[in-house]
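Visitor: Spelled out from the first residue to the last, the chains are:
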Amino acid sequence: MNWDETKPMVSIKDVYKSFGTLEVLKGVSLDVMKGEVICIIGPSGSGKSTLIRCINGLNDIQSGSILVEGQEVNDPELNKLELRKKVGMVFQQYNLFPHKTALENVMMAPIRVLKHDKEIAQKAAIKLLRKVGLEDKVNAYPGEMSGGQQQRVAIARSLAMNPDVILFDEVTAALDPETVNEVLLTIKKLAEDGMTCILVTHEMGFAREVADHIYFTDGGLIVEHGNPKKFFENAKDPRTKEFLSQIL
Amino acid sequence: MKHHPYKTDLPVMLPFKPVETESFGSTIKLWYVVPILALILGTSAIAQSGSDIRLGALQTLMRWMPLLLQGFIFNVLISVMAMAIGTGLGAALGIGQLSLNRFVRSSSWLLTQFFRNAPWLVLLFFAMFLLPFEVNVFGIIIPLPDWVKATIGLALPVMANVSEIIRGAVLSLPSGQWEAAESLAYSRRQTLWLIILPQCLKRMLPPWMNLYAILTMATVLASIVGVSEVMTLTGEALAAEGGRPDLLAPFYAFVLLIFFVYCYPIARLTVRLERKFSVIN
Ligand SMILES: Nc1ncnc2c1ncn2[C@@H]1O[C@H](COP(=O)(O)OP(=O)(O)OP(=O)(O)O)[C@@H](O)[C@H]1O
Ligand SMILES: [Mg+2]
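Each protein sequence line maps, in turn, to chains A and B.
Numbering-wise (the working numbering), the first sequence opens with residue 1136 and increments by one.
Numbering-wise (the working numbering), the second sequence opens with residue 23 and increments by one.
The following block holds chain A by itself, in its conformation from the complex:
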């Protein structure tokens, strides 16, 4: 990765997105620098998932610009596969491949997509599973693991592609309260290692502790953003204040 670090790694400018007649994003802009962790919070239906799914081209946009390492995502000629090698994603429902073991889930894409040597990919996958604390689950199938374990495999699977930025969409929202922390801790370690992370989350404590920057969305707009301290202690917008008062 040879990205000019003075420019944002992900630069979203004035993005509009609608599903049919439903306008979901109404002019969203935000920048993410390399190594930054940003959290997007906001009420349900405000377009958080839609926004981050636009970054790796799972959703297309009507207008505006999304640059990932200088490459325009809103371009009909875009090579989505190249984009997605750089942008990892972790989902709320884990979405592991149920017919493959944890190890296979992690090493399959490097082998099939990046054409890595099988043995090298396997070694790397085992290392990643160890990193997320699951070396003993290497041969387990997703159906045999807890939600938290599955989600950590999903994180390892995403890391195996060696992405430059990872998108997390409410990755703890489907988990039992006891297992939320093990996943948050894994993400925190990633962030400390310098991984660029864009998270949609309802975990305010986590956002406050880990985020470099917090964005608050409502009705398809970013109504407020700032560093965690400023955001949580000095929210200006009444919508933010109301949201925070309900959730904290």
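These are calculated hints, taken from the structure and not from any lab test.
Quantities reported herein were computed from a predicted structural model and do not represent experimental measurements.
Just so it is clear, CB atoms sit at the ideal spot from N, CA and C, and this is done for glycine as well.
Fair warning: there could be bad hints in the mix.
Claimed, not checked - Okay, the calculated beta carbon distance ranges per label pair:
1. A:Pro1312 <-> B:Lys224: 29 to 35 Å
2. A:Asn1214 <-> B:Phe299: 34 to 40 Å
3. A:Asn1214 <-> B:Arg290: 48 to 54 Å
4. B:Val159 <-> A:Lys1253: 47 to 53 Å
Claimed, not checked - Within a straight-line C-alpha distance of at most 27 Å, the following computed DSSO-like cross-link-like pairs (lysine-lysine) qualify:
5. A:Lys1235 <-> B:Lys224
6. A:Lys1148 <-> A:Lys1215
7. A:Lys1235 <-> B:Lys298
8. A:Lys1364 <-> A:Lys1324
9. A:Lys1169 <-> A:Lys1324
Dock chain B with the ligands against the given chain A, drawing on the hints supplied.
Guide: For chain B with the ligands alone, kept in the frame of chain A given last:
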């Protein structure tokens, strides 16, 4: 904790809703075999009590049994071949229905719908009368006897149903599987062959077996176009016995019994697999 099923822009998710194929096997119980047996024995016994010089109905049936069973083996052969051909073509058509290419997708869809909504017997007649009695493949003359034509005729609706089973199974997978695969930069083809279809195999097995049982029972339609399968032979045997009315019930009951003995285990297995897979998924 909400579980918000994402709707998506992925084209494969757009066109249609999944189809549920329900199993007919779940309603069959083993003791159904008893009345059929009783029918054979009972009708033979009644027939016997009234006859003096002629051979009893049961003995007559015994005499014809080897021939009838041979005829049934022919039914099985036709069903297996029609299933093989239909599955091969149907797989291609089913995957065609998932194509990103609009033309491929809609023509696969059209073919599927056309043959799925056609009466099997009409398709059979169509095959019988439209196919030539031989084909010339690169100078080699391959004869097409009636039973081969019948097999092709029956393979057509099988093809359409297999196509629909595949499409239904693919669309019944959560869209998250597609999204996860796409996020990992798998190509569409890789996604389909490495991630989606392997998961669908299990889901497709019960409806596919169900279809096979239905096909097996439909092979008797071939008697209408003169293929010497079990029904045709039964008719011929009855004619050879001089059209004795007392033989009708035992003979046809015997045919029912063979089909039952063949199809029922398939139906049971289908139900068992369905149950097993519904636990896993
Ligand atoms: N594929 C789609 N087709 C139509 N409408 C959609 C689609 N995806 C999302 N929407 C709608 O867009 C709006 C924003 O959805 P989105 O999932 O981005 O919200 P969100 O902020 O992530 O909410 P949540 O906190 O519930 O996850 C919602 O009204 C949703 O119903
Ligand atoms: Mg969401």
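Visitor: Give a verdict on every hint.
Guide: Results of checking the hints against the structure:
1. A:Pro1312 <-> B:Lys224: 29 to 35 Å: Check passed, 33 Å falls within 29 to 35 Å.
2. A:Asn1214 <-> B:Phe299: 34 to 40 Å: About 38 Å separates the Cβ atoms of asparagine 1214 of chain A and phenylalanine 299 of chain B, which means 34 to 40 Å holds.
3. A:Asn1214 <-> B:Arg290: 48 to 54 Å: Since asparagine 1214 of chain A and arginine 290 of chain B have Cβ atoms about 51 Å apart, the given range 48 to 54 Å holds.
4. B:Val159 <-> A:Lys1253: 47 to 53 Å: violated (42 Å)
5. A:Lys1235 <-> B:Lys224: OK: lysine 1235 of chain A and lysine 224 of chain B at ~14 Å, within 27 Å.
6. A:Lys1148 <-> A:Lys1215: Roughly 19 Å separates the two Cα atoms, so the pair holds.
7. A:Lys1235 <-> B:Lys298: Distance of about 19 Å is within 27 Å: holds.
8. A:Lys1364 <-> A:Lys1324: holds (21 Å)
9. A:Lys1169 <-> A:Lys1324: Given that 27 Å is the threshold and the Cα spacing comes to 16 Å, the pair holds.
Hint 4 alone, counting from the list given before, is not met by this structure.
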